[in-house]
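Q: Heads up: the sequence lines are chains A and B, in that order.
Everything in the first sequence is counted per my numbering, starting at 1 for the first residue and increasing by one.
Everything in the second sequence is counted per my numbering, starting at 1001 for the first residue and increasing by one.
Please note that a few of the clues may not be correct.
Only part of the chain B face toward chain A is listed, based on derived beta-carbon distances under 7 Å [stated by the list, open to error]:
(1) Ala1014
(2) Ile1021
(3) Ser1139
(4) Ser1150
(5) Gln1226
Across the chosen pairs, the derived CB separations fall in these ranges [to be verified]:
(6) A:Phe78 <-> B:Pro1165: 30 to 38 Å
(7) A:Lys302 <-> B:Met1083: 17 to 25 Å
(8) A:Arg82 <-> B:Asp1133: 48 to 56 Å
(9) A:Leu55 <-> B:Pro1165: 53 to 61 Å
(10) B:Phe1120 <-> A:Phe155: 32 to 40 Å
(11) B:Phe1086 <-> A:Glu167: 43 to 51 Å
(12) A:Ala203 <-> B:Glu1167: 52 to 60 Å
(13) B:Phe1052 <-> A:Arg213: 29 to 37 Å
(14) B:Gln1046 <-> A:Arg82: 29 to 37 Å
(15) B:Pro1165 <-> A:Met215: 48 to 56 Å
(16) B:Glu1167 <-> A:Val31: 44 to 52 Å
Calculated from the structure, these hints are not laboratory results.
Built from N, CA and C at the ideal position, the CB exists for glycine as well.
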Amino acid sequence: MNVNRLEKPNDILRELYKNSWLYLMLIPGLVYFLIFKYWPMWGLVMSFQNFKPHLGISGSDWVGLEHFIRLFSEPQFFKLFRNTAVLALYNICFFFPIPIILALMLNEVRVELFKRSIQTVIYIPHFVSWVVIVGISYMFLTTEGGIINDLIAHFGFEKIPFLLSEEWFRTLITGQTIWKEAGWGTIIYLAALSGIDMQLYEAAKMDGANRWRQMWHITLPGIRGTIIILFILKMGDFLDVSFEQVFLVLNTMNREVGEVFDTYVYTKGLTQAQYSYSAAVGVFKSVFALVLVLGTNWLAKKAGEEGIY
Amino acid sequence: MKDRSLGSRLFDGANYLLLTIVALVMILPFIYVIAVSFATPEEIAQRGFILFPTQFSLSAYAYIFSTDTLLRSLGTSIYITLMGTFINLFFTSMMAYPLAKRHLRGREKILLLVLFTMLFNGGMIPTYFVVKDVGLIDSLWALMIPGAISAFNLIIMKNFFQQVPYELEESAKIDGCNDLGILFRIVIPLSLPAMATIGLFYAVTHWNTFFNAILYINDSSKWPLQVLLRDIVMLANDRFGDQSAVERSDFHPITIRMAVIVFATVPILLVYPFLMKHFAKGAMMGSVKG
Chain A
1 MNVNRLEKPN DILRELYKNS WLYLMLIPGL VYFLIFKYWP MWGLVMSFQN FKPHLGISGS
61 DWVGLEHFIR LFSEPQFFKL FRNTAVLALY NICFFFPIPI ILALMLNEVR VELFKRSIQT
121 VIYIPHFVSW VVIVGISYMF LTTEGGIIND LIAHFGFEKI PFLLSEEWFR TLITGQTIWK
181 EAGWGTIIYL AALSGIDMQL YEAAKMDGAN RWRQMWHITL PGIRGTIIIL FILKMGDFLD
241 VSFEQVFLVL NTMNREVGEV FDTYVYTKGL TQAQYSYSAA VGVFKSVFAL VLVLGTNWLA
301 KKAGEEGIY
Chain B
1001 MKDRSLGSRL FDGANYLLLT IVALVMILPF IYVIAVSFAT PEEIAQRGFI LFPTQFSLSA
1061 YAYIFSTDTL LRSLGTSIYI TLMGTFINLF FTSMMAYPLA KRHLRGREKI LLLVLFTMLF
1121 NGGMIPTYFV VKDVGLIDSL WALMIPGAIS AFNLIIMKNF FQQVPYELEE SAKIDGCNDL
1181 GILFRIVIPL SLPAMATIGL FYAVTHWNTF FNAILYINDS SKWPLQVLLR DIVMLANDRF
1241 GDQSAVERSD FHPITIRMAV IVFATVPILL VYPFLMKHFA KGAMMGSVKG
């Protein structure tokens, strides 16, 4: 059989020799992935141990599922899960549709210069760091001299402690995400929109469809595949709510609704040195995310859509 | 071709107006920050919202450069951005090139190995210990090496390399050039839009690097700009400059923060227009399956 012929050691050697440069070029990258991506995955076994850094994984005691049992029985667990999930839901409901809407709006613009100017402007916040985005929001929203609160006071209302309140935390996070990423998010939809066959629009116009109907019957179905793929990928980030951002916005006044899995891992693991326990929290989060991606992908395929794999 | 009905014109009008408002809302905060960083204390006291200061003052900028704290962080950030992006592009292209060769045996397995890291990873704590075990804690390499190849960018680059005409590579091979030479002499020069786009993505990540520095760099003299920025803007640490200037109080304390933000943001925005024309094209490569 063909396979047997190729599996002969001589052939493999010949193949290696013929493409020796290609295989050599793969080595640095492979070494990188093994050290910095797969070694940490192996490191996750520490969540079944009482890991001590000076003993390493081979020398630490095994404790089985103790850390997972602790996580699930802790009252913190419900709070973390709720906070993370609610933030993710906010993101899906209020952020996810905005790049789609913006892309559809941009797609309707006929004046090329106007379109390009708007694009240039709305991409900018994406390139700015979270520190700057959160920092600017701080200076705008603080009750001590922030311009928004000065305005509120000017009109005779009571100042609102946006930064230090539990009620405003989620709105603040979602608003910042929209500001930073909504414009950039349009790129992929605009790419998909440019692939729609113009003849479809011509035909629809012949049939007397106005622009709303064209959008509904041609444009939206044309980018449905892209929307679904991005939605599946979003599910993978479900528990990954932009960690840097939450870390920066978090303070003692909003921790009750703001603490999410990632910030909890950081606090427990690296500031309180409970390595194994925090690694267990990380494992739970990663596995949950994986299940969500595979589950959404399975559902999408079941509904007759193209999944991510 | 043009549809000139009343409904259609109303639609256009509302569309243009809304897009303009969205763009303004997104950009005005930055303009405000830049304006205030140049404003005098009197003007800040008199006018609430400044988009264009009537009197320019550079005293906030003079203050932030009165000591070398900010300059040192700036140097660190420039270094990790240039060096880090070079490392990224070098390693990513070197791995992407063989993976773009469909005939290469074992290619599928390696691609799977790469793709899996996009779905599952070890997370913060185990990664921290790997970085520690390889001895990178408190070294600037910790901000460059652990992120040397992004799986996502690797796939984009691989897809781009697959579009380079094979005949060009073939003729170089006949001239006795090896695969490494072909990559650097033929494939990369032909893929400049992709290199520019991916290079920009990597460079932005390095310039904006914050949390990795919090994790891996304890020594405050090695802090990149963003970490110092948080210290100044959010923890309200205004005392990093020459204190005699504060006593003269020829600037409003808020202008210092604004000036630091401008300083941390402007370099990225200066490169952006030059790369804009490339990345509108390059960013679409990712959406091409292959």
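Q: Against this structure, judge whether each hint is valid.
A: Results for each hint:
1. Ala1014: Constraint on Ala1014 of chain B not satisfied, violated at 9 Å.
2. Ile1021: This interface hint is violated because 11 Å lies over the 7 Å limit.
3. Ser1139: 15 Å, violated
4. Ser1150: 11 Å, violated
5. Gln1226: Where the cut-off is 7 Å and the nearest Cβ of chain A is about 5 Å from Gln1226 of chain B, the hint holds.
6. A:Phe78 <-> B:Pro1165: 30 to 38 Å: 58 Å, violated
7. A:Lys302 <-> B:Met1083: 17 to 25 Å: 48 Å, violated
8. A:Arg82 <-> B:Asp1133: 48 to 56 Å: 36 Å, violated
9. A:Leu55 <-> B:Pro1165: 53 to 61 Å: This hint holds: roughly 56 Å between Cβ atoms.
10. B:Phe1120 <-> A:Phe155: 32 to 40 Å: 51 Å, violated
11. B:Phe1086 <-> A:Glu167: 43 to 51 Å: 47 Å, holds
12. A:Ala203 <-> B:Glu1167: 52 to 60 Å: 40 Å, violated
13. B:Phe1052 <-> A:Arg213: 29 to 37 Å: Violated, at about 45 Å.
14. B:Gln1046 <-> A:Arg82: 29 to 37 Å: 47 Å, violated
15. B:Pro1165 <-> A:Met215: 48 to 56 Å: 38 Å, violated
16. B:Glu1167 <-> A:Val31: 44 to 52 Å: 33 Å, violated
Of the hints listed earlier, those the structure fails to meet are numbers 1, 2, 3, 4, 6, 7, 8, 10, 12, 13, 14, 15, 16, in rising order.
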